[in-house]
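Position chains B, C and D against the provided structure of chain A, taking the given hints into account.
Number of protein chains: 4
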Amino acid sequence: MAGSTFGTLFRMTTWGETHGKGVGVVVDGCPAGLSLCEEDVQKYLNRRKPGQSKYTTKRKEDDQVEILSGVFEGKTTGTPISMAVFNKDQHSKDYSEIKDVYRPGHADYTFDKKYGFRDYRGGGRSSGRETTARVAAGAVAAKVLEELGIEIFAYTKAVGPVQIDSSRFSKEERDKNALYMPDVQAAAQAEAYLQEKMRELDSSGGIVECVITGMPVGIGEPVFDKLSANLGKAILSIGAVKGFEIGDGFAAAQSVGSENNDDFYNHNGKIEKKTNHAGGILGGMSDGSVIIFRAAFKPTPSIAQPQQTVNREGEDTEIVIHGRHDPIIVPRAVVVVETMAAVTVLDLLLQNMGSSLEGVKNFYRSDKK
Amino acid sequence: MAGSTFGTLFRMTTWGETHGKGVGVVVDGCPAGLSLCEEDVQKYLNRRKPGQSKYTTKRKEDDQVEILSGVFEGKTTGTPISMAVFNKDQHSKDYSEIKDVYRPGHADYTFDKKYGFRDYRGGGRSSGRETTARVAAGAVAAKVLEELGIEIFAYTKAVGPVQIDSSRFSKEERDKNALYMPDVQAAAQAEAYLQEKMRELDSSGGIVECVITGMPVGIGEPVFDKLSANLGKAILSIGAVKGFEIGDGFAAAQSVGSENNDDFYNHNGKIEKKTNHAGGILGGMSDGSVIIFRAAFKPTPSIAQPQQTVNREGEDTEIVIHGRHDPIIVPRAVVVVETMAAVTVLDLLLQNMGSSLEGVKNFYRSDKK
Amino acid sequence: MAGSTFGTLFRMTTWGETHGKGVGVVVDGCPAGLSLCEEDVQKYLNRRKPGQSKYTTKRKEDDQVEILSGVFEGKTTGTPISMAVFNKDQHSKDYSEIKDVYRPGHADYTFDKKYGFRDYRGGGRSSGRETTARVAAGAVAAKVLEELGIEIFAYTKAVGPVQIDSSRFSKEERDKNALYMPDVQAAAQAEAYLQEKMRELDSSGGIVECVITGMPVGIGEPVFDKLSANLGKAILSIGAVKGFEIGDGFAAAQSVGSENNDDFYNHNGKIEKKTNHAGGILGGMSDGSVIIFRAAFKPTPSIAQPQQTVNREGEDTEIVIHGRHDPIIVPRAVVVVETMAAVTVLDLLLQNMGSSLEGVKNFYRSDKK
Amino acid sequence: MAGSTFGTLFRMTTWGETHGKGVGVVVDGCPAGLSLCEEDVQKYLNRRKPGQSKYTTKRKEDDQVEILSGVFEGKTTGTPISMAVFNKDQHSKDYSEIKDVYRPGHADYTFDKKYGFRDYRGGGRSSGRETTARVAAGAVAAKVLEELGIEIFAYTKAVGPVQIDSSRFSKEERDKNALYMPDVQAAAQAEAYLQEKMRELDSSGGIVECVITGMPVGIGEPVFDKLSANLGKAILSIGAVKGFEIGDGFAAAQSVGSENNDDFYNHNGKIEKKTNHAGGILGGMSDGSVIIFRAAFKPTPSIAQPQQTVNREGEDTEIVIHGRHDPIIVPRAVVVVETMAAVTVLDLLLQNMGSSLEGVKNFYRSDKK
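Chains as they are written, first to last, in the numbering used here: chain A, 30 to 398; chain B, 30 to 398; chain C, 30 to 398; chain D, 30 to 398.
Excised from the complex, chain A in its bound form (with noise of 0.2 angstroms):
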């Protein structure tokens, strides 16, 4: 498997190149009838777009969506969903810099042994530009997890060494700044933080979390389709993700189970935990409390220092990558973080359907009438 194709049941297939016609993503096994519009997958796109402050690159790109397929008199058919990204200008730029030399911290490398040649334009496939196609179909999946009064809300927590303070967190306020963090404090020193590693021609990485609120007990396979394991790959296949945790993660490794353990208790007359160590997931099932989880990516690559490297021919070699990038990646790729989180939830969800011979018969015999 080339690997383009995520999820089971929904399921999503992405395709294009940084420098290409467009990028885009058919969507399989969207329930019919879902209200759908070009609006409904844009508010999330923009979320992802470059300029948009001076953190992200200039390149102007307006990154309009269109759905090409599987909406009828404004609601889903069921049938496949064709959305694409098309480029309005595919001026012809000189690579000619990054064509025969390989960029530290990219995939020129390991692309050219791979398939004997690459695309050499940006980053070709593996840009963050691909991410675009998983936001548009994750906004198709959150729009029916809406539906089912499931909520996936993610957002910058740290910034390099610049972390949230979970007393100052407010969600309103992460769409007011340019970092998308929930800490109006935080965000400044962030900010200040980034100014100076722009300053020093560097980069700085960060961290997303992600809460996702409103799910069903049992949502996930008990083995190696946990919703934990499902939700792990979804997150560490973008780009810069070098780390992935649920609930109290790494720092659980250190705990004691006497700490670690969340109690069960009857909370007005519904079994509850009293603490959420677990982050929301226990056995790989969603158990009913909030999930939480966290995704670290590393600085981006693109820096404006000379940096040394080889060639093709694996000759010695110095390379100064020219253009502007963002110094963070984190901002943008916090609506991908969520986006991803919304396919994984919406495919265990419906494979879930089938677990109980009574919810199957159930669901028939409803059917029938």
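Careful: at least some of the hints might be erroneous.
All copies of an identical chain are treated as equivalent in the list; a pair is satisfied when it fits inside any one copy or across any two copies.
Stated by the list, open to error - With a Cα cut of at most 27 angstroms, we get these calculated DSSO-like pairs of lysine-lysine: (1) K117 <-> K50; (2) K128 <-> K104; (3) K122 <-> K50; (4) K205 <-> K128; (5) K172 <-> K200; (6) K83 <-> K200; (7) K205 <-> K50; (8) K299 <-> K117; (9) K72 <-> K50.
It should be emphasised that the hints constitute simulated quantities derived from the structure, not laboratory data.
Same frame as chain A, but now just chains B, C and D:
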């Protein structure tokens, strides 16, 4: 997909519950012609077996594997390799204490909600015993990789707050101590820490680290089936894992591009990287460096202290879990991490064979001779 | 994919060779809460078992199934159901006559070429014995379907030139004669024909027909996973099947639209078709009519006459196959067709549950109560 | 799985409805380095295009393909190849006659029942126009196969009762007549037959036959993913196909073993079969002989005669389908059969590369050089 199958070309399907007739696995897609006997698999299972030391449950299990199909005259035939570990004694035990009560940190509650009821004998399908089957499959994958010069080596990196020191790292030491730590001094400290936790009727978390050497460049598919994403899913599908990171992982989030980028250079005529912050994967594909990743395990949820919880009716109650349980999951999980990685790597390696037309043509040309 | 797995949501993985330790199957994705015991499966296996009549090989096999996992207190738990039929006696037999010689009509040659060598004891993995595992899995699927009011009924339609006459069709008769023909008169003629072939040291082909009743409308996915396409794959994956047709099948190729179209009409308030040339499938989806399809089986390739062939070195030679072989595959294949259809239908039925947003919302609403 | 994806390693995902913005396909897993331009694909599409003769609908479509991704400097890059055929004019037409009425022989009724409503413009997703996307994908597969010396050639074998005569078979003739029959005399008779049907406002069924030459031995997996089973699924997934047979097919059911078995012999140092009743497949794997299979197509369901049916409310009514429709599906389906076969064969051929350890070792040895 009920999710008991993992892999695309090299594919394992596991079955079995902790207190049933046994556990097993069907391995499909193993190349024909590999020398394979039960001892090849058994030596991996022995590393996971209970009763090895005072840090593992005393439950006496021989965990003797039987190969039921797919091997003829000592070699794999290309057909499914079915392997099983049958339980010797299925003496009926008293499970009344956990039958109707949800153990904190376990999958009892989510299982009940998903399926309507559960096999309440031990953890049923969610027990760590299920990993026996994975280890058997992974032993086969590891043997194939060995033939290709690829070695996967995992070990305990941390027990609670006690970490190994890389300056004292010794591969041989790993198999000499009860905790599978490759650092004799850290192992001693960790044992002391664990004994303290055992006295406190508590348990500890920890970290497993894994290195892969000898990888060809270009293994892994650039978008969703990145080597990092598939390794992440494989490892996060192990019961108690709450975090996964590759290369610098979460530390990369606090780094800067000029530090985190690994410069390429010509090393005696071969393209190599001066550093390995990336952990051997660029753009989702192996880059020829050593692959290195870590998994965070939560503390064993079964502890002997009384815990607050609810029963199936949702009434508050207290539970005391009897029996001897591992005070830490990590040592026995080392081989699970190693073998899950083996399955993942072999699967992507087989998928990679069709990457370039030149490779496909060469294959069928040589095949025809 | 080495191809020993079938199905997406309801999924079986088979293993085992004819003269190895046994054959078995892992069924993953069976809804929890189904009453299931070994007898439920055994009664299907008994219909496939050798030694039932003079038209089946005398090889004495008990074919006793064991359920190894996935059932607890008489009900499926939602976890994989592992089933095995172990061989009682694996007495070493002399296979020298077929070890280095390719039997015409068998997979000996292709196996050798694909894998480099083969398990030469009987047909190895390509033996009809592999279907034992499918029947066990299909028995489970059939039981789920029964709960939904769906019945699958297959029978021998033709033995060589002898066909059943629909005017004499009797469901009860099927299980009364050795050939599983639902027409007592045709069965007698067919027996006479077979005895003639046996005297001539020859074998016969035949046709199995299968009808499915009680299907909801809309099962099957409109493009590649049409119900007809998946049934076709299921049936064509049975060793000796050379043809598959649905409804009028090949006869439709000689028909005209005004004849072949099935008019809809209001039948007591229900939409029905006046005729059923389509065989119950329109646009790849079940249309509420009876589903009817047929499979053509080639004659048993193992015949007692001397045959011309080559050995592994490619030298011309003659082969005489000893031992008693079924003079026709069809009677024992009836239950294989029936159960492969059951697996296919159940798998698509589970996939169908996510087709419309309304259905998904209703499911999770009722689930939450 | 909503079933718009076909294949495992070479994999296509189609999208689009007949009267929407267009149809398209994403091809994932195509080996890198294949020369590919739009003309390579277009020449296949032209064979499927309407308006070629009086036996195809006059709907003027240019069916001009655009390659949107995956090709760089004239060669495939190993990344997804997205192709689309955009509709030139989407002029709004009056569909009121079929909006609320179910056309006999079409998927209108089943679509409505499955999804709750449907895109009533033409056949929507179930229209033959969807096959445009398959042909584009198959053209790519065919080009890869060509590089490996494998050729797939399909043609019209029968139009209603008129069959080609093998003694008059001429490959060149196929592309010279409007019906794609490789027999000039049969083509003339078939044209006469079709004109009669057209005068009667009726339509005809027919048969497509397909031969594959140059196949290596051993392609196809022995159990569920037999080459025959996967070809069967591929072909039966084409809208109007009601039957599939390989080699002697249904005739084999009336044959005897001594006739039907194909003896092996040494033919100038090569192992070959004296006859080919098997159609080139033994045990589900290619046996080195020519592969030959047939597909039965039902008559075009859209006929100009008035037909009895019901509307959405289930009331009896009459329908008259206006517009010009193909009196037979077969001629334009020839290339669909050919390209679906190409996708199937290439997919299994890529999967086969991992069959033996020796092959895998050789691959990675040569790869490292």
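Right, here's what the structure says about each hint:
| no. | hint | in the structure |
| --- | --- | --- |
| 1 | K117 <-> K50 | both (8 angstroms within a copy, 19 angstroms between copies) |
| 2 | K128 <-> K104 | between (45 angstroms within a copy, 16 angstroms between copies) |
| 3 | K122 <-> K50 | within (14 angstroms within a copy, 31 angstroms between copies) |
| 4 | K205 <-> K128 | neither (39 angstroms within a copy, 47 angstroms between copies) |
| 5 | K172 <-> K200 | within (19 angstroms within a copy, 50 angstroms between copies) |
| 6 | K83 <-> K200 | within (22 angstroms within a copy, 49 angstroms between copies) |
| 7 | K205 <-> K50 | neither (33 angstroms within a copy, 37 angstroms between copies) |
| 8 | K299 <-> K117 | neither (54 angstroms within a copy, 41 angstroms between copies) |
| 9 | K72 <-> K50 | both (22 angstroms within a copy, 22 angstroms between copies) |
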